[in-house]
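Colleague: Top to bottom, those sequences are chains A and B.
In case it helps, our numbering puts the first sequence at residues 916 to 974.
In case it helps, our numbering puts the second sequence at residues 91 to 634.
Fair warning: there could be bad hints in the mix.
Listed next, the in silico PhoX-like pairs over lysine-lysine satisfying Cα-Cα at most 25 Å (straight line) [said to hold, decoys possible]:
| # | chain 1 | residue 1 | chain 2 | residue 2 |
| --- | --- | --- | --- | --- |
| 1 | A | LYS936 | A | LYS922 |
| 2 | B | LYS443 | B | LYS560 |
| 3 | A | LYS936 | B | LYS214 |
| 4 | B | LYS423 | B | LYS518 |
| 5 | B | LYS252 | B | LYS550 |
| 6 | B | LYS143 | B | LYS92 |
| 7 | B | LYS252 | B | LYS518 |
| 8 | A | LYS948 | B | LYS92 |
| 9 | B | LYS214 | A | LYS948 |
These are calculated hints, taken from the structure and not from any lab test.
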Amino acid sequence: MNDTENKLNQALQRLQQCSQKIVQTRGYTMEVKSLKILEEMIREQMTNAHTRPATRTIR
Amino acid sequence: MKILVVSLLRLGDFIQILPVVNGLRRQFPGGELDLLTFTPAQQLAPMITGVSKWWTLNREDLQQGLGNIDIPLLTSFSVLQEQLDLVNAREYDLVINLTQTDFSAWICGYINTPSRAGLMRDVKGAAQFHSGWFQYLNDHAALSVPDIFHYSDIFYFGSGLKNGERDWSMTESVRGRREAAALGIGAGEQIVLQLLTSDEKKNWSTESWLQMLRQLQVFRPAAQFILLGAPSEEAHLEEVYHRAEARGLNVIEAILSLEGAFSLLKTADVLISGDTSIKHLANCAGTPVIELSLGSSDYRRTGAYTADSLLLQPRIACTPCPHSSACSQSTHKCAEQLSPSAVSLSVHHYLNKDWAQLKQLAAELNQEVNWLRTHITGSGFWLAINILESQAMRLVDTLVERSAWKFFLNRDHLNSLAEYGSEGTRIKSEIEIHLAAADMTDMRQHLSFLESRAENISEKASALIEGVKKRTPSIAEIRDFITAHQPDAESLPWLEQLRSQVPRTVVEIGGLRRVHNHLERCRSQAQVKTKLIRCLKTQLTESK
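So here's chain B without its partners, still in its complex pose:
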């Protein structure tokens, strides 16, 4: 069995697919697993074992070739085509695209293979997803969606890996160990700080870092503070190091390769970082993370995956902001709102494992910052839960919604012996962990409300489906129904087409089919949710 996993994004995105790589190796022990990435990801090759062949595309060279008018336009393309022809010669049995971009879709569509997963352009140029999970990813790409699975979970389930623990492991390299050892860090508490991200909007100011450090060193005088950076960040780190020294702060400067950074993180007690690839590397090292979620960071999609990590997100209306746009504010408001004292106290209480104090801090500064604790649910997906637990019913909504989606996207609901009971048990366990006993009565009432709402959606969807089948659809009613119950439907192009053609006297067959399929999905999801809620209510009643 030859499998090709494609990840044509950046370093952090690639690290997030590691559980898929490790999971596929486990599922196909005799198979050959290859990777196709951009060149920078190959820096991790010494730490990722079990890969038969690692193809790389040099994106910078390809784009420079296109952007230079002295180089024939087709030069870059010829280089790319030669590489893809070599890939095709491997004759893969399965290609999995873990990149949601048009470029990767065309690349993967070019590769001949009998089985596919992920976004690909087919022979007619149409986008095909080959899995409900990747369709879900496509439909939930907009920032405004109220909830979304972590990308790592989407990739894992979308690749056909259902259960089992997520394996983020990497192998420490000799070179990495040597680099970390050369720093001469002694025994004792190690706090690693990753100061820079790849995007100015996601950075916390240097002054904020220094003030936080000064406070933290008072709280934790025995700790060692390590400023971590890549060789490309050396100039910035030098400047920060000297500024820290001038203030009497005792810090260690660590300019390391990825291998060295991984070895360093393996012995660290915590990493404090913005949204960076180093944060994901910490997952692989098993190091907890305190993440400063600023700018375009969307913790819901790419938050620190390690369980019981802490995410700090300023409460600003514009967060998260679009990835490629400049900051819309006159000053960097989200970074300014995250005060050095909030971070230093958070780190101090976190390292003391004092969640009670963290809750108190969160309560005091609730208007400015969200404090979230990461958690891996029994159902196998990641959540970030507000440590104040002030919105218990919202958590119940999320747990039920996510489980229903997982059931639906894994197509478990098509199995006549689907494990609604087991999933209900898992949800119940989560509720008992996170909700106080006092909330349980409210919670049962809330579940009845959710059940009733799901039943209504299912009945309404059925009525609309009948209208579609009889070629007498009420477009306005369908539009209103889908918009109300699937907020992400705003992005669906056919819904826009329906809107623009009013009044409609002739309904195209293709459009009808899409409407019908979408309504069927709504109905199936509502039915799954109803069954899950009923199982959950039964189990809660039995446990009283």
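Next comes chain A alone, as it looks inside the complex:
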């Protein structure tokens, strides 16, 4: 994994921890929604695909 991907991976983990803490303390707020959007953007960037498989099962 190159340096950029490492940093993105670390950022993703920190964001996931952040959003979990917010959910535990304040429930699902707009901040959590914002963080989730950012997480998803980073995830797509890390796979470096044009887009992840366009249509896939969401769980």
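Chain A is already provided as a structure; the job is to place chain B on it using the hints.
Modeller: Frame of chain A, contents of chain B only:
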């Protein structure tokens, strides 16, 4: 009424939602219809009328911001959040997400609106679909599903548009007309070739294209052959053009914008293309398509929608392959198996409207290639039917299955005056179009078999539901039942959880509720199918 339609995928995916956009405009004539897409889709803006506001997200800029370690991580996010706050300020009455991705689900969940359709993440982060159609899309996302509606149909019905003709129309622009006119194409037959797709796996080799062209020019010496490409494809097209010239082939090179491509297609007699956005643009132009379905192309989901188009799909076990994976074979087998002569002969017979010759060709090369003809059924959905008609009963299965799904997903079965009779009439008409008279006796027997099977499923589902209600579910039996009758259930995560907890002594309430709901769906679908088959059998008997 303010409506926002969200399509956060690629250009071809966006064009496939055009019937939804046109349909919503027709359904809400005084309303305001807005779009949210990625930037490239806005190239089509001059040709799509009736849109009040077109929001775009610049995906490349956003991702570059994230991928560049010199730019603060939150920069891209701040840009996105500002845009979404502007979207929220519009105060939409209805948001429809026609994108089945997590990113779009979070985006749409962020937008405040009283009514929703399509995949969205709710306040607790759970995925909500707001329509049985989008739930169906989610459950049928896997490549291995035996049958699935065309995405355009799923989007149309999922958006609450039930009937009416699909309106794929776009408006030709002045710029487009000018670009096409500058090519100096004369009167006479025009055959347009879109050589490249966005994915190497879906491409046919240049050598194959050239060989096919040479043969086709012999068959059709008066036709004009136009190599179509975007400005980004100019280098490749130049190379092909020069190679064609060196072989004495007479071709026209057409590097055009989307507007120009649309104007060109409006006068074309046929487009030969892989799985590309240009193929969908041809739908909008009313131009028939001969589609070369290679690599990850799944014609069932995204095939050329225009009726009576022709799809050629090589018979290779690995087709369609996963979208984002490299080719699993040592050579590009699917492309190699589609011979230039098969394509040139197909185009020639197709343009002569000689389906008898096409059937003969298909019969000769049946081991290598599937020949499929597109058709819009009376029930309002798209089908691709093997022109050999060698599997008549499979077609009957598909027609009955699709109609039953449509009834169920539109919740028509909840209506005490549901139109089973009318739907039966529509299925009967389709059967009479596609099946020879000789098949009809076999078909009636087959319908009795389908009816009996549907009744068994309904009874079994009822018995299992009783077990669930009494909190004594037989997990193994439920698992086996659902796996047998809903092959896509493999993807359902709760079924995996059930499998992993054996033996079970305590069954969680949430899990029980999901099992119960799924079994109810199975039972309702089976009951709908039974009623449809009975109506169909009655009508077939009456028409004897």
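Colleague: Hint by hint, say whether it matches the structure.
Modeller: Each hint, compared with the structure:
1. A/LYS936 with A/LYS922: holds, 21 Å
2. B/LYS443 with B/LYS560: Violated, because 62 Å separates the two Cα atoms, which is more than 25 Å.
3. A/LYS936 with B/LYS214: Roughly 14 Å separates the two Cα atoms, so the pair holds.
4. B/LYS423 with B/LYS518: violated, 40 Å
5. B/LYS252 with B/LYS550: Answer violated: B/LYS252 to B/LYS550 is near 32 Å, above 25 Å.
6. B/LYS143 with B/LYS92: Holds - the C-alpha atoms of B/LYS92 and B/LYS143 are around 10 Å apart, at most 25 Å.
7. B/LYS252 with B/LYS518: Holds, at roughly 20 Å.
8. A/LYS948 with B/LYS92: Status holds; Cα separation ~23 Å.
9. B/LYS214 with A/LYS948: holds, 9 Å
The structure shown violates the earlier hints numbered 2, 4 and 5.
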